[in-house]
Every structure is written in C-alpha cells, then in structure tokens.
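Protein chains in written order, with numbering that gives the first Met the number 0: chain Z, 0 to 426; chain W, 0 to 287.
It is possible that some hints are incorrect.
Stated by the list, open to error - Which stretches of chain W does chain Z cover? Using the computed rule of at least three CB atoms under 8 Å from a CB of chain Z, they are: (1) 33-45; (2) 132-143; (3) 218-227; (4) 236-250.
Simulated from the structure, these hints should not be mistaken for laboratory data.
By construction, the Cβ of each residue, glycine as well, lies at the ideal position given by its N, Cα and C atoms.
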Amino acid sequence: MKKFLALLLAVMMLASVLVACGGDKKDTSASGSGSGTADDSDPFYGDDNIELLVWAADKAIDVTKELCDEFKAKYPDKKIDITVQVQGEGDAAAQVLNDKDAAADVFSFACDQLTRLLNANALTPISENRKEDVIARNSEASVNAATVDGDLFAFPETGDNGYYLVYDKSVVSDEDAKTLEGVLAACKKANRKFVIDAGNGFFSCMFPFTGGLTLEGISDDDVQLFNDYDEDKVVDTLEAFAKLFHDYSDVFLSSEATKISTGMASDPRIVAAGIDGSWNAAAVEDALGDDFGAVKLPTINVNGTDEQIVSMHGYKLIGVNSHSKHLDAAEVLADFLTSEEAQLKRAQVLSWGPSNNEAVKDPSVTDNVALSAILEQSKYSVPQVNIADTFWSPMGTLGNTLWKDADFSKDTIKKNFEKTIANIKDE
Amino acid sequence: MIKSYKARRIISNTVIYILLGGLGLIWISPLVYLILHSFRGGKAELATTIIPQSWTFDNYAKIFNPPDPNVVNFPQWFMNTFIIAIFSCIISTLAVLMVSYAFSRLRFKARKPLINIGMILGMFPGFMTMIAIYYLLKVMGILSMPRVALIICYSAGAGLGYQISKGFFDTIPRALDEAATIDGATKNQIFWKIILPMSKPILVYTVLTSFIGPWTDFILAKIIVGAQGPENYTVAIGLQKLVGQEYKAQHFREFLAGSVIVAVPITALFLFMQRYYVEGVTAGGVKG
Numbered sequence: 000m001k002k003f004l005a006l007l008l009a010v011m012m013l014a015s016v017l018v019a020c021g022g023d024k025k026d027t028s029a030s031g032s033g034s035g036t037a038d039d040s041d042p043f044y045g046d047d048n049i050e051l052l053v054w055a056a057d058k059a060i061d062v063t064k065e066l067c068d069e070f071k072a073k074y075p076d077k078k079i080d081i082t083v084q085v086q087g088e089g090d091a092a093a094q095v096l097n098d099k100d101a102a103a104d105v106f107s108f109a110c111d112q113l114t115r116l117l118n119a120n121a122l123t124p125i126s127e128n129r130k131e132d133v134i135a136r137n138s139e140a141s142v143n144a145a146t147v148d149g150d151l152f153a154f155p156e157t158g159d160n161g162y163y164l165v166y167d168k169s170v171v172s173d174e175d176a177k178t179l180e181g182v183l184a185a186c187k188k189a190n191r192k193f194v195i196d197a198g199n200g201f202f203s204c205m206f207p208f209t210g211g212l213t214l215e216g217i218s219d220d221d222v223q224l225f226n227d228y229d230e231d232k233v234v235d236t237l238e239a240f241a242k243l244f245h246d247y248s249d250v251f252l253s254s255e256a257t258k259i260s261t262g263m264a265s266d267p268r269i270v271a272a273g274i275d276g277s278w279n280a281a282a283v284e285d286a287l288g289d290d291f292g293a294v295k296l297p298t299i300n301v302n303g304t305d306e307q308i309v310s311m312h313g314y315k316l317i318g319v320n321s322h323s324k325h326l327d328a329a330e331v332l333a334d335f336l337t338s339e340e341a342q343l344k345r346a347q348v349l350s351w352g353p354s355n356n357e358a359v360k361d362p363s364v365t366d367n368v369a370l371s372a373i374l375e376q377s378k379y380s381v382p383q384v385n386i387a388d389t390f391w392s393p394m395g396t397l398g399n400t401l402w403k404d405a406d407f408s409k410d411t412i413k414k415n416f417e418k419t420i421a422n423i424k425d426e
Numbered sequence: 000m001i002k003s004y005k006a007r008r009i010i011s012n013t014v015i016y017i018l019l020g021g022l023g024l025i026w027i028s029p030l031v032y033l034i035l036h037s038f039r040g041g042k043a044e045l046a047t048t049i050i051p052q053s054w055t056f057d058n059y060a061k062i063f064n065p066p067d068p069n070v071v072n073f074p075q076w077f078m079n080t081f082i083i084a085i086f087s088c089i090i091s092t093l094a095v096l097m098v099s100y101a102f103s104r105l106r107f108k109a110r111k112p113l114i115n116i117g118m119i120l121g122m123f124p125g126f127m128t129m130i131a132i133y134y135l136l137k138v139m140g141i142l143s144m145p146r147v148a149l150i151i152c153y154s155a156g157a158g159l160g161y162q163i164s165k166g167f168f169d170t171i172p173r174a175l176d177e178a179a180t181i182d183g184a185t186k187n188q189i190f191w192k193i194i195l196p197m198s199k200p201i202l203v204y205t206v207l208t209s210f211i212g213p214w215t216d217f218i219l220a221k222i223i224v225g226a227q228g229p230e231n232y233t234v235a236i237g238l239q240k241l242v243g244q245e246y247k248a249q250h251f252r253e254f255l256a257g258s259v260i261v262a263v264p265i266t267a268l269f270l271f272m273q274r275y276y277v278e279g280v281t282a283g284g285v286k287g
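Work the whole structure out from these sequences, hints included.
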C-alpha cells in the first residue's frame with residue numbers, strides 16, 4: 000500500500016521518459032542468427048563491442064568465468080565484455096520471463112522449463128549451420144530434450160539431472176542392488192529403511208513408466224499426450240510395486256529425498272538405501288564414505304519377468320535469450336560453453352555429468368560412481384521435457400495410493416491409474 | 000455442583016491454565032526447534048531426533064565465515080538488509096510522523112481530500128502494484144542499484160501509513176500547542192519540541208514497524224533483486240534459497256542458524272526501545 004505513492008510519483012517521471020521508450024523494439028529481428036552470408040571466419044557476423052551477460056549456477060560460477068575468459072582469448076581481435084552472474088538453474092525461467100530485457104543473454108536452465116520459455120518466445124532456434132554439429136556431439140536424449148517440432152532451441156549442457164539407487168554397501172551387496180526385491184530384503188535383514196519419495200510426481204512416475212507408459216509431448220491445447228501403452232501391463236507393474244511396498248511396509252519409507260542422506264548420516268544409520276536425486280550425491284557420499292554405493296535403478300519382478308525400472312531424466316540446457324542485443328555472439332558463446340572441453344571441465348571440477356558423447360568417456364566421469372550410475376540410468380529413462388503442469392500432482396497422488404491404501408487389488412489400482420491419466424489430461 | 004467458591008475457582012483456573020499452557024507450547028515449539036537445531040552437530044543435515052544429540056557452534060561459524068561465498072554469503076546478505084532497513088526506517092518514520100502531524104494539527108483546504116485519498120490508496124493491496132513498480136524502476140534506471148531501489152520502494156509511500164499516529168496526535172491536547180504558540184514557537188518547533196517528546200510510544204511503534212517491514216519482506220525484494228546476483232540478496236531471499244531442493248541436503252542447519260541471527264537486530268531494537276515505550280505512556284499530559 001505504501002508503494003502506491005511511489006507508483007504515482009513514478010508515473011509522472013515515466014511520462015517524461017516515455018518518448019525515449021518508443022525506439023526500444025528495434026533490432027531484435029534485424030540480427031537474426033545465421034541470416035547473413037558473411038564469411039565463415041567471423042562467427043559474429045561483423046558484430047563488435049560485444050557485451051554479454053551470462054547466468055550460471057552458483058557452484059559453477061568460477062568454472063564459467065574461466066571458460067568465458069578462454070572464450071575471449073579465442074577471439075583476440077574482438078572487443079568482448081562478458082559478465083557472469085549467479086542465477087540458480089531452477090529459477091532461471093521465472094527470472095527470464097519476469098523481464099526478458101534485463102535477463103542474461105546466455106543462461107543455463109533445467110530442461111523442464113523449456114516449454115514455458117518457448118511459450119513466451121524467450122528462446123531463439125539454433126542456427127542451421129551450428130545445429131548439425133550440436134546434434135552430432137551430444138547424446139540423442141539430451142538433444143531431444145532441447146528439440147521442439149524439429150527446431151533445436153538450446154544447447155545441452157549436462158546429462159545428469161535424474162535419480163538412481165544409492166545404498167550402504169555394508170548392508171546391501173552389489174548383487175542385491177540389481178533387483179528391488181533384493182534391496183528390500185537386505186534392508187529388512189538389517190532393520191533399516193528404504194526411501195522413495197513416492198508422493199512426488201518426479202519420482203513416482205517411475206512406477207507407470209516401468210510398465211511401458213511414456214510421454215509424447217503436449218498437444219496444441221496444452222493437454223499431455225501419452226504413448227499407446229498397454230494398460231494391463233502398466234497395472235500389473237503398479238500392482239507389483241504396491242505388493243512390494245506392503246510386504247516390506249516396515250522397511251519402505253516414503254519421504255522426501257533429503258531423508259536419504261540424513262538417515263545415512265545419523266548415528267546409528269537409519270536408512271540403508273534409497274532412490275535419490277543426482278543433486279544430493281555429494282551429501283550421500285559424505286554420509287557413507289567408503290560404504291557409498293550407487294548404481295542404476297534396480298529391476299522389479301512383474302509376473303515372473305524382471306523389468307528394468309524406468310525413470311524420468313532431466314538435462315540442463317544453455318539457451319540464448321531472444322531479446323539479446325548480440326544474438327550471434329551469444330549463440331557462439333553458448334556453443335562454446337557446451338563444447339566437449341567445457342563439459343569435461345565441469346565434470347572434473349564439479350562432477351557434473353556431461354551430455355557430450357566424447358566427454359562421457361573421460362575417466363573423471365567413468366571413475367565417479369554416482370555419475371556413471373546416473374548416466375547408465377539415463378538409458379532407461381523418459382526425458383523431462385514437454386510436460387504439462389497438470390502432470391505432477393496426479394502422478395504424486397498415484398504414487399501415494401500404491402503404498403498408503405490398504406486395498407491394492409488389481410481393480411482398485413486400475414481405477415486409480417485411469418483416474419490419474421484422466422486428471423493429468425484434465426478431462 | 001461444587002458449592003465452594005474456592006474449589007470452583009481452582010478447577011476453572013486449572014482448566015484454563017492447562018489450555019493456555021498447551022496453546023503456548025504449540026506456539027513456542029517452532030522457535031524452540033529453530034534455536035535447538037541451529038546448534039545441532041553431527042553429520043546429518045536434517046533432524047532425525049527432536050532433541051539434538053550433539054551440539055556445536057559450527058553452523059554459526061559457517062554462516063558468518065562461509066566456505067563458498069558464491070553459494071552462501073550470509074554476512075553480505077545481512078549487511079544489505081541492514082542498510083536497507085536502517086535507511087527505510089529513518090525515512091519512513093520521519094515521513095509518517097510529519098504527515099500525521101500535518102493532518103492532525105494544521106488546517107488547510109486540501110486536508111480532508113488528502114486524508115481520504117490516503118485512506119483509499121492504503122486500501123489497495125501492495126502486491127497489486129509490484130510488477131508495475133519493477134518496470135517503473137527499470138525505466139528510471141534504478142534497478143541496477145537494488146539497495147537504493149528497495150529503500151525507495153519501502154519508504155517512498157510510507158507517509159500513507161499516517162492513520163495510527165494521527166489518531167495518537169489527536170489525543171494530545173491542543174492547549175499545549177496554543178501555549179507554545181503564545182510563547183513564540185513555530186509549527187515546526189511545536190512538532191519537534193512538544194509533540195514528538197510526548198509521543199514516544201507511537202514513535203517507538205513507527206520505528207519498529209518501519210524497520211521490521213523491510214527486514215522481513217520477501218515478495219517485493221524477490222521481484223526487484225531476484226535477477227541480480229546473490230551479492231545483492233537480502234536475508235529473506237538468501238535464506239529461502241538455502242531451503243530449496245538443491246541446497247537443503249547440505250545447508251539446512253546454516254538456514255536455521257541464519258534464521259536465529261535474523262531475529263537478533265529486531266529483538267535488540269525492541270529491547271532498546273522498550274523503556275521509551277513505557278516512559279512515553281506514563282509521562283506527559285496537561286496538569287489540572
């Protein structure tokens with residue numbers, strides 16, 4: 000309320016500036032990337048005196064600054080001024096949409112924000128002459144995560160935003176960790192907990208995904224589309240999960256993922272294994288020390304066959320703001336920040352899993368237990384992209400019914416599953 | 000039916016005290032938890048027991064001397080908030096009291112209309128205008144100085160919160176003003192030398208509210224400094240970041256420690272102001 004007078008005063012001031020404002024929308028269309036036929040030796044198409052703002056996650060800020068210095072050194076004849084600013088990847092889209100003109104030219108974001116950014120026209124498609132190279136050097140899934148209707152809208156930066164199985168090696172053997180039944184039995188023997196955040200749509204979607212459900216983007220009127228799944232198989236899989244959760248009801252714990260590192264760090268350890276997000280890897284490793292085990296998600300026995308649990312997998316992308324004043328230069332920088340060397344550097348310094356096909360083979364990645372586990376799991380995953388906002392909440396509810404409801408007969412599960420799909424489609 | 004008055008009183012008092020005690024316990028428990036666990040040691044970041052099993056000052060050490068200032072930079076956040084709160088507090092207190100004095104003591108043609116406009120403007124919810132404020136600040140080019148921008152936001156319209164102080168000034172007898180006028184005091188002197196010293200409670204109240212407002216504000220601060228780097232954050236934004244999914248597993252105890260620290264300046268200010276509060280209530284008045 001007090002701000003209102005400030006507003007009134009400001010309106011008066013605005014009136015005087017308004018005239019100058021008219022020329023604001025000038026050059027966004029003029030400098031469309033890749034439009035010129037300028038010679039290939041100048042990727043900036045003659046642009047000079049370039050000022051760029053880069054947003055990077057706080058942990059990555061030093062690495063990004065170093066990379067930007069390398070970038071400047073690469074083009075000594077150009078005057079390039081790069082400012083690197085901290086901005087969390089989870090918050091990037093919100094901040095970009097808040098004010099595109101004040102947002103960074105080049106910014107890092109989690110791939111689930113892609114739809115929002117595209118709806119607001121905040122991203123430009125990557126120019127054709129660069130596209131081929133980006134597609135060739137990054138994993139197919141990470142490219143898919145950045146592609147909408149055949150246009151590539153961002154550069155894949157990392158390939159490790161997902162979840163995997165972490166376990167205490169003193170309780171769960173590597174052999175046990177291959178099947179969900181084995182993990183639960185080992186936990187029960189030691190009287191310790193097994194944690195899944197079953198009420199969180201990001202985690203609980205693994206239950207139907209394992210049964211063959213996948214996502215097929217969203218329709219023009221924003222309705223979530225699914226593949227042509229076999230409902231009986233999905234229901235059988237859900238039933239298998241529900242049965243395990245009930246059989247091991249004293250072991251299974253549905254709680255947010257941070258409970259895993261906390262339960263492993265307490266003395267005595269309460270949690271023996273869990274399905275945890277890659278962002279918590281450092282905390283879990285810290286808690287377990289030498290007993291730290293990480294591996295792709297286990298299999299689950301559905302009607303006699305072991306089915307690999309399928310997860311949801313996210314990617315971090317680097318995008319170019321469509322309102323950037325130096326679109327071409329921003330794209331060259333984004334390209335550089337996601338190159339093999341840059342991804343490798345991030346893997347070595349920050350333990351961030353690369354999306355680059357070559358960087359993945361580097362020892363800094365293959366020797367890292369958590370990273371190899373998450374990258375292995377990414378082969379059995381659904382990319383977290385093009386997902387309707389209505390997806391998460393019903394999916395979380397479905398996960399909760401599996402372990403909370405005493406009645407887990409096939410009919411009930413089928414009814415719950417159909418209700419979930421209907422709710423997601425908002426029917 | 001219990002006949003004895005004494006027995007009845009004891010019973011009803013017991014019931015009331017148990018009820019009130021229970022409510023008090025519920026109310027105070029989050030604060031107790033916050034303080035207890037800000038001293039919790041051990042490896043687990045989140046609590047596994049209600050009473051911590053080991054104790055340490057590490058969380059406080061970490062928050063004042065952060066190992067990675069890119070992630071947690073509490074001292075900087077604290078300073079930012081402190082500067083913003085101090086300046087907003089001084090400007091808004093002066094504005095509120097002066098506007099109240101003018102409305103209470105001076106008689107001019109636009110007085111009634113201005114009071115009404117102030118009332119009506121005050122009824123609009125503040126967050127309605129936040130996005131507009133953002134764009135206006137941007138046009139004015141103040142956005143790149145987030146501290147200045149926030150001070151402007153918090154204090155520019157402060158005078159509109161005149162109602163309570165005006166009500167208080169109205170209760171101070173005009174005979175005092177008249178006596179001072181006869182002695183040759185100007186309106187300005189009356190305000191500083193007569194009215195203000197007699198209005199300590201309302202002064203304290205205004206100082207406290209105009210300090211706590213900027214100190215604890217989240218929404219407006221987030222809109223204005225959200226896109227800036229963490230070196231410009233206020234404590235509210237910084238601490239909120241620490242309980243986000245990415246940070247919780249490693250920084251939760253620092254969040255608790257930070258939350259305790261945040262309460263310190265407000266408490267100190269209140270304890271310091273409290274004596275004037277009481278003094279103001281009992282002193283003054285017209286004799287006879």
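Consistency of the hints with the structure:
Requiring three or more residues with a Cβ within less than 8 Å of a Cβ of chain Z, the coverage given for the segment 33-45 of chain W holds, as 5 such residues are present. Here the segment 132-143 of chain W counts 9 residues with a CB under 8 Å from a CB of chain Z, which clears the bar of 3, and the coverage holds. For the segment 218-227 of chain W, the assignment as covered by chain Z holds, since 5 residues bring a beta-carbon within under 8 Å of that chain's beta-carbons and 3 suffice. Coverage of the segment 236-250 of chain W by chain Z holds in this model, with 7 residues showing a Cβ closer than 8 Å to a Cβ of that chain against a need of three.
Figure legend: structure checked against the earlier numbered hints; every hint is met.
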